[in-house]
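Number of protein chains: 2
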Amino acid sequence: MWNSRKVGILGGGQLGRMLVESCNRLNIQANVLDAENSPAKQISFHDGHVTGSFKEREAVRQLAKSCDVMTAEIEHVDTYALEEVASDVQVEPSWQAIRTIQNKFNQKEHLRKYGIPMADHRELVKNTPEELAEIGEQLGYPMMLKSKTMAYDGRGNFRVNSKADIPEALEALKDRPLYAEKWAYFKTELAVMVIKTKDEVLSYPTVETVQEDSICKLVYAPARNVSDKINQEAQALARKAVAAFEGKGAFGVEMFLLEDNNLMLCEIASRIHNSGHYTIEGCALSQFDSHIRAILDLPIPAKSLEIRQPSVMLNIIGGSAPDTHLKAAEAALSIPNAAIHLYSKGAAKPGRKMGHITVTAATMHEAETIIQPLIDVVDKIRAQRADIKTKAQPSGPSKPAPQVAVVMGSDSDLKTLVPGLKLLENFGIEPAVEITSAHRTPDYMAKYAAEAASRGIKVIIAAAGGAAHLPGMAAAHTALPVIGVPVKGSSLDGVDSLYSIVQMPRGVPVATVGINNSINAALLAARILGSFDPAIQRKVEAYAEDARAENMEKKGTKMRELGWEKYFEQM
Amino acid sequence: MWNSRKVGILGGGQLGRMLVESCNRLNIQANVLDAENSPAKQISFHDGHVTGSFKEREAVRQLAKSCDVMTAEIEHVDTYALEEVASDVQVEPSWQAIRTIQNKFNQKEHLRKYGIPMADHRELVKNTPEELAEIGEQLGYPMMLKSKTMAYDGRGNFRVNSKADIPEALEALKDRPLYAEKWAYFKTELAVMVIKTKDEVLSYPTVETVQEDSICKLVYAPARNVSDKINQEAQALARKAVAAFEGKGAFGVEMFLLEDNNLMLCEIASRIHNSGHYTIEGCALSQFDSHIRAILDLPIPAKSLEIRQPSVMLNIIGGSAPDTHLKAAEAALSIPNAAIHLYSKGAAKPGRKMGHITVTAATMHEAETIIQPLIDVVDKIRAQRADIKTKAQPSGPSKPAPQVAVVMGSDSDLKTLVPGLKLLENFGIEPAVEITSAHRTPDYMAKYAAEAASRGIKVIIAAAGGAAHLPGMAAAHTALPVIGVPVKGSSLDGVDSLYSIVQMPRGVPVATVGINNSINAALLAARILGSFDPAIQRKVEAYAEDARAENMEKKGTKMRELGWEKYFEQM
Numbered sequence: 001m002w003n004s005r006k007v008g009i010l011g012g013g014q015l016g017r018m019l020v021e022s023c024n025r026l027n028i029q030a031n032v033l034d035a036e037n038s039p040a041k042q043i044s045f046h047d048g049h050v051t052g053s054f055k056e057r058e059a060v061r062q063l064a065k066s067c068d069v070m071t072a073e074i075e076h077v078d079t080y081a082l083e084e085v086a087s088d089v090q091v092e093p094s095w096q097a098i099r100t101i102q103n104k105f106n107q108k109e110h111l112r113k114y115g116i117p118m119a120d121h122r123e124l125v126k127n128t129p130e131e132l133a134e135i136g137e138q139l140g141y142p143m144m145l146k147s148k149t150m151a152y153d154g155r156g157n158f159r160v161n162s163k164a165d166i167p168e169a170l171e172a173l174k175d176r177p178l179y180a181e182k183w184a185y186f187k188t189e190l191a192v193m194v195i196k197t198k199d200e201v202l203s204y205p206t207v208e209t210v211q212e213d214s215i216c217k218l219v220y221a222p223a224r225n226v227s228d229k230i231n232q233e234a235q236a237l238a239r240k241a242v243a244a245f246e247g248k249g250a251f252g253v254e255m256f257l258l259e260d261n262n263l264m265l266c267e268i269a270s271r272i273h274n275s276g277h278y279t280i281e282g283c284a285l286s287q288f289d290s291h292i293r294a295i296l297d298l299p300i301p302a303k304s305l306e307i308r309q310p311s312v313m314l315n316i317i318g319g320s321a322p323d324t325h326l327k328a329a330e331a332a333l334s335i336p337n338a339a340i341h342l343y344s345k346g347a348a349k350p351g352r353k354m355g356h357i358t359v360t361a362a363t364m365h366e367a368e369t370i371i372q373p374l375i376d377v378v379d380k381i382r383a384q385r386a387d388i389k390t391k392a393q394p395s396g397p398s399k400p401a402p403q404v405a406v407v408m409g410s411d412s413d414l415k416t417l418v419p420g421l422k423l424l425e426n427f428g429i430e431p432a433v434e435i436t437s438a439h440r441t442p443d444y445m446a447k448y449a450a451e452a453a454s455r456g457i458k459v460i461i462a463a464a465g466g467a468a469h470l471p472g473m474a475a476a477h478t479a480l481p482v483i484g485v486p487v488k489g490s491s492l493d494g495v496d497s498l499y500s501i502v503q504m505p506r507g508v509p510v511a512t513v514g515i516n517n518s519i520n521a522a523l524l525a526a527r528i529l530g531s532f533d534p535a536i537q538r539k540v541e542a543y544a545e546d547a548r549a550e551n552m553e554k555k556g557t558k559m560r561e562l563g564w565e566k567y568f569e570q571m
Numbered sequence: 001m002w003n004s005r006k007v008g009i010l011g012g013g014q015l016g017r018m019l020v021e022s023c024n025r026l027n028i029q030a031n032v033l034d035a036e037n038s039p040a041k042q043i044s045f046h047d048g049h050v051t052g053s054f055k056e057r058e059a060v061r062q063l064a065k066s067c068d069v070m071t072a073e074i075e076h077v078d079t080y081a082l083e084e085v086a087s088d089v090q091v092e093p094s095w096q097a098i099r100t101i102q103n104k105f106n107q108k109e110h111l112r113k114y115g116i117p118m119a120d121h122r123e124l125v126k127n128t129p130e131e132l133a134e135i136g137e138q139l140g141y142p143m144m145l146k147s148k149t150m151a152y153d154g155r156g157n158f159r160v161n162s163k164a165d166i167p168e169a170l171e172a173l174k175d176r177p178l179y180a181e182k183w184a185y186f187k188t189e190l191a192v193m194v195i196k197t198k199d200e201v202l203s204y205p206t207v208e209t210v211q212e213d214s215i216c217k218l219v220y221a222p223a224r225n226v227s228d229k230i231n232q233e234a235q236a237l238a239r240k241a242v243a244a245f246e247g248k249g250a251f252g253v254e255m256f257l258l259e260d261n262n263l264m265l266c267e268i269a270s271r272i273h274n275s276g277h278y279t280i281e282g283c284a285l286s287q288f289d290s291h292i293r294a295i296l297d298l299p300i301p302a303k304s305l306e307i308r309q310p311s312v313m314l315n316i317i318g319g320s321a322p323d324t325h326l327k328a329a330e331a332a333l334s335i336p337n338a339a340i341h342l343y344s345k346g347a348a349k350p351g352r353k354m355g356h357i358t359v360t361a362a363t364m365h366e367a368e369t370i371i372q373p374l375i376d377v378v379d380k381i382r383a384q385r386a387d388i389k390t391k392a393q394p395s396g397p398s399k400p401a402p403q404v405a406v407v408m409g410s411d412s413d414l415k416t417l418v419p420g421l422k423l424l425e426n427f428g429i430e431p432a433v434e435i436t437s438a439h440r441t442p443d444y445m446a447k448y449a450a451e452a453a454s455r456g457i458k459v460i461i462a463a464a465g466g467a468a469h470l471p472g473m474a475a476a477h478t479a480l481p482v483i484g485v486p487v488k489g490s491s492l493d494g495v496d497s498l499y500s501i502v503q504m505p506r507g508v509p510v511a512t513v514g515i516n517n518s519i520n521a522a523l524l525a526a527r528i529l530g531s532f533d534p535a536i537q538r539k540v541e542a543y544a545e546d547a548r549a550e551n552m553e554k555k556g557t558k559m560r561e562l563g564w565e566k567y568f569e570q571m
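Listed in order, the protein sequences are those of chains B and C.
Number 393 in the UniProt record's numbering belongs to position 393 of the first sequence; there are no gaps in the numbering.
Number 368 in the UniProt record's numbering belongs to position 368 of the second sequence; there are no gaps in the numbering.
Simulated from the structure, these hints should not be mistaken for laboratory data.
Glycine included, each C-beta is placed from N, C-alpha and C at the ideal position.
Any given hint could be a false lead.
For the chain C half of the interface with chain B, some residues (derived, Cβ under 8 Å), not all of them [to be verified]:
id, residue
1, 41
2, 210
3, 301
4, 360
5, 446
6, 450
7, 453
8, 455
9, 514
10, 523
Derived lysine to any residue pairs resembling SDA-like cross-links, with alpha carbons at most 20 Å apart [unchecked claim]:
id, chain 1, residue 1, chain 2, residue 2
11, B, 554, C, 506
12, B, 488, C, 506
13, C, 327, B, 393
14, C, 345, B, 299
Covered by chain B, per the in silico footprint, the following chain C stretches (three or more residues, Cβ under 8 Å) [unchecked claim]:
id, segment
15, 77-86
16, 91-100
17, 197-205
18, 385-395
19, 435-443
20, 507-513
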């Protein structure tokens with residue numbers, strides 16, 4: 001039967017534990033090699049586990065005998081042991097992939113052959129100050145001195161700011177195999193989880209990662225303020241990089257988004273990865289589900305890797321006391337939509353990953369707003385740690401992208417638009433406001449309209465007078481609904497503007513409102529957004545109710561009380 | 001610390017197992033009382049479990065000694081044992097609540113005091129044919145003969161169609177305490193999960209359940225074709241019923257929605273419930289998470305009980321062979337967005353609950369469409385069972401509610417609307433089309449517009465000519481965007497219609513398109529939907545591209561080739 005093959009897992013930490021969660025739901029037996037009572041073993045009771053370390057040759061042999069497919073939650077395993085058992089048991093991904101990836105220099109040399117863009121780097125052969133100084137002249141300062149092996153969560157890295165730092169750097173990483181890397185000036189760190197199956201390379205959407213103290217703090221899924229084009233490019237780059245390795249399963253790919261919007265690969269992990277924890281709540285199949293399915297040749301529908309709702313993942317890190325992290329988790333109990341994952345690692349050391357929280361919401365802005373109080377708690381806990389002196393990464397909800405664009409052909413149209421702009425403001429809808437003329441800046445107008453949808457705009461309001469071409473021309477360059485406001489000019493009483501806007505040819509509609517009636521344009525935009533956002537629809541309803549009350553109760557009552565003559569006198 | 005109290009669970013079946021999943025993620029120790037290797041124990045390795053049955057007094061005592069709070073995955077427990085240990089350990093919900101609820105007659109007698117609407121019922125004291133015949137005359141036929149105790153999944157119920165069935169009914173349920181219930185003619189079965197905390201009664205949204213062979217087959221969350229009013233009423237009824245019992249935790253409340261839209265309580269379970277399994281993927285906190293938090297007095301943010309995405313849950317039932325259910329699960333591996341939960345109960349008996357699948361999607365229609373092939377597999381498996389002769393419940397995606405309403409003041413406007421209606425059809429947007437006049441049917445028009453949003457309408461297209469009031473009046477009765485199509489009348493060339501529609505007062509906008517231009521009205525509606533539905537936006541873009549190609553490539557090329565004179569001749 002499809003779920004009768006046993007999976008052997010090297011390592012029973014939190015990643016192994018979450019793999020076991022996935023195995024449990026499919027009733028697949030997972031045999032874990034790690035110390036007794038390691039996190040993964042606590043949620044899997046059977047006699048197939050192996051006690052020992054994933055670095056012990058004999059323990060790996062023992063695990064191989066008890067399972068059909070072997071995988072690892074970590075890349076720092078004994079790949080020679082894997083090579084030995086690979087003749088008896090399926091190893092996924094291949095020991096070759098793990099061996100190449102666990103040595104970061106070899107990883108990069110391998111990827112270079114496949115044309116993957118990476119930071120320039122140089123191998124150190126002698127580990128002498130002279131050698132590193134020469135490399136420093138080639139790569140420039142600052143540069144990163146890195147251990148080729150056993151480097152993770154910031155360990156094994158040293159930032160070399162100038163030639164003067166060289167002795168300290170070599171001392172900090174002495175007796176390790178080293179290479180140096182050119183400093184990457186990036187604006188955002190991105191990551192993509194890739195799933196390699198027997199005949200496909202699939203990817204989850206691109207996420208944004210925030211590092212603090214050299215370890216992952218936050219993951220935003222999908223990445224904020226990243227265009228769909230970059231999202232697709234990052235996924236393609238990640239898939240291309242992973243395709244360069246043999247074997248099946250999940251791979252974590254970390255990248256830099258540079259100032260010029262180019263992407264550069266940072267590093268690959270041959271396993272499930274912290275940047276993919278959000279997939280448990282964020283996607284229909286988590287990275288752990290997908291990994292297990294991939295190594296067992298079970299189907300993975302591509303749609304199941306899409307993001308169900310915007311998600312923010314926050315790591316819970318060990319604090320100054322062994323149970324400080326539980327205080328963070330306790331605070332998370334009161335955070336709406338927060339899913340809590342504690343790893344049951346026992347007493348915490350400062351800086352150790354003890355759990356994570358994922359908040360999902362209808363919009364990224366909402367998820368960010370909901371999780372912020374918890375980030376504050378985590379920052380406060382961090383501030384109490386004696387081993388850290390730096391300030392926390394600043395955080396806070398990013399400004400939501402405007403959903404309404406208001407464009408005018410000339411600043412003389414602004415005064416007509418002001419009542420509508422104020423109404424949008426009262427509704428809490430912050431528009432993007434722009435001057436762009438169909439006649440004076442035709443190219444910019446076309447570009448602005450054509451790119452509006454990809455910037456998150458849902459409705460465009462365009463005001464113009466006379467031979468009023470702006471609304472119709474904007475509509476010709478976008479698939480978004482365009483609302484046209486005819487502005488009354490000096491002659492023809494606005495009829496020229498009205499006809500120019502409303503009488504569009506078949507195929508290119510403009511939603512026209514009354515002459516100079518920017519209030520109605522704004523309300524129409526609010527009604528359109530409100531059809532898909534109950535909070536805005538409530539505001540439209542409240543506005544109508546206020547108008548009704550004003551008309552009937554205030555004015556109506558006053559006229560009945562005063563009589564129409566007195567009322568007229570007071571008008 | 002908040003997670004250091006131990007939870008004791010009576011019963012280690014699938015419900016206990018899913019409770020343990022929730023405990024595991026919070027690192028709360030769950031001590032399970034059940035047979036060795038029961039489903040819940042398989043995912044919880046520690047020495048706190050108790051081997052035995054939740055019906056054995058001594059085993060319950062032993063569990064009580066090992067935990068701080070005791071709860072049950074089933075209501076058929078020994079409540080006298082619970083009563084005894086309640087002085088030493090917290091029992092949630094209270095043994096009194098479980099005792100009253102486990103006897104369905106007592107449950108109903110208790111709820112009656114709180115004014116909960118239920119089917120009329122009568123107690124049997126002598127269990128004689130004469131007594132039941134007399135009750136039959138009072139309640140009418142068909143009626144349901146029910147065992148007061150140990151009745152679940154259809155067991156303990158017998159449908160009495162006429163007086164002639166009475167001997168068979170009494171034989172089938174002999175030696176059991178009985179009551180009879182008036183037959184309920186319902187249109188839909190609804191269910192609500194209620195969470196009782198130390199100071200609140202919270203509820204999840206109302207779901208729709210479909211029973212087959214007297215056990216739950218499908219759950220639709222939220223309930224399909226049920227207004228928000230009924231959803232709120234059902235939740236209020238469920239909360240009111242649960243508030244009648246002492247103790248904390250999850251309660252499953254099943255209800256009938258009658259033909260007249262009134263609600264009637266069917267029964268309550270004092271525990272997590274099959275109708276709430278969808279919450280694992282469908283909500284931020286599952287019913288299992290909430291139950292554990294409620295009994296431990298941990299916070300439950302109300303927002304976390306909202307539905308994240310429409311969900312369909314399908315039970316996987318034991319088939320004719322011990323592993324047939326695994327074939328259903330195997331088919332589920334290929335269903336997009338399907339989360340698979342297998343309960344690890346070993347070999348299946350026909351009709352036993354072996355697992356469940358939940359499909360989530362952006363819309364209920366999409367979720368229904370995605371899961372249908374799996375329902376077909378499950379129906380095929382059921383058809384092979386020797387113990388069942390009836391046909392499967394018919395299923396299939398319900399028609400999606402129209403998102404666009406097209407209204408006209410008179411059928412004479414229809415011919416103007418036809419091009420637009422055809423375009424909507426080509427875009428795959430099926431509109432609701434209606435004749436309603438602002439002048440001839442003002443009340444109906446007002447009601448239609450006012451209720452449109454609650455029926456799922458996102459945009460209204462209204463066509464009218466002359467003193468064209470329909471679009472503006474519809475806009476005055478709804479918060480939805482209204483698109484107005486001025487229809488050219490016999491005089492004034494349509495200018496009367498245009499001005500009547502576009503020159504609305506401030507506060508009530510109508511999105512006006514050109515005279516007779518229903519194509520643009522339809523395109524505008526598509527653009528509005530497309531702002532929130534990428535598939536529709538792609539169609540709008542393709543339409544514009546077709547128009548560009550037609551103009552530039554076909555017509556332009558032809559004119560260049562033929563010259564304008566020949567072109568004009570052929571026009």
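* **Agreement of hint residue 446/C with chain B interface, Cβ distance less than 8 Å** => 13 Å, violated
* Whether chain B covers the segment 91-100 of chain C (at least 3 residues having a Cβ closer than 8 Å to its Cβ atoms) -> violated (count 0)
* Given pair status - residue 506/C, residue 554/B, alpha carbons within 20 Å -> Holds, at roughly 18 Å.
* **Verdict on chain B covering the segment 435-443 of chain C, criterion of 3 CB contacts below 8 Å** => violated (count 0)
* Asked: If you take the shortest Cβ to Cβ gap from residue 41/C to chain B, is it below 8 Å?
  -> For residue 41/C, the interface hint holds, since the closest Cβ of chain B sits about 6 Å away, which is under 8 Å.
* Agreement of hint residue 514/C with chain B interface, Cβ distance less than 8 Å -> 5 Å, holds
* Asked: Per the CB criterion, is residue 210/C less than 8 Å away from chain B?
  -> 22 Å, violated
* Mind checking the CB of residue 523/C against every CB in chain B and telling me if the closest is under 8 Å? => At about 5 Å, which falls below the 8 Å cut-off, the nearest Cβ of chain B leaves the hint on residue 523/C intact, so it holds.
* How about the segment 77-86 of chain C: do at least three of its residues have a C-beta closer than 8 Å to a C-beta of chain B? -> violated (count 0)
* Asked: Within a Cα-Cα threshold of 20 Å, do residue 327/C and residue 393/B meet the stated pairing?
  -> With a Cα-Cα distance of about 50 Å, the restraint between residue 327/C and residue 393/B is violated, given a limit of 20 Å.
* To do: Check, residue by residue, whether the segment 507-513 of chain C contains three or more positions whose beta-carbon lies closer than 8 Å to a beta-carbon of chain B, and give the verdict.
  => Since 7 is at least three, the answer is holds.
* Tell me if residue 455/C is really an interface residue toward chain B, meaning its C-beta lies closer than 8 Å to one of theirs. => 12 Å, violated
Checked against the numbered hints above, the structure breaks hints 2, 5, 6, 8, 13, 14, 15, 16, 17, 18, 19 and satisfies the rest.
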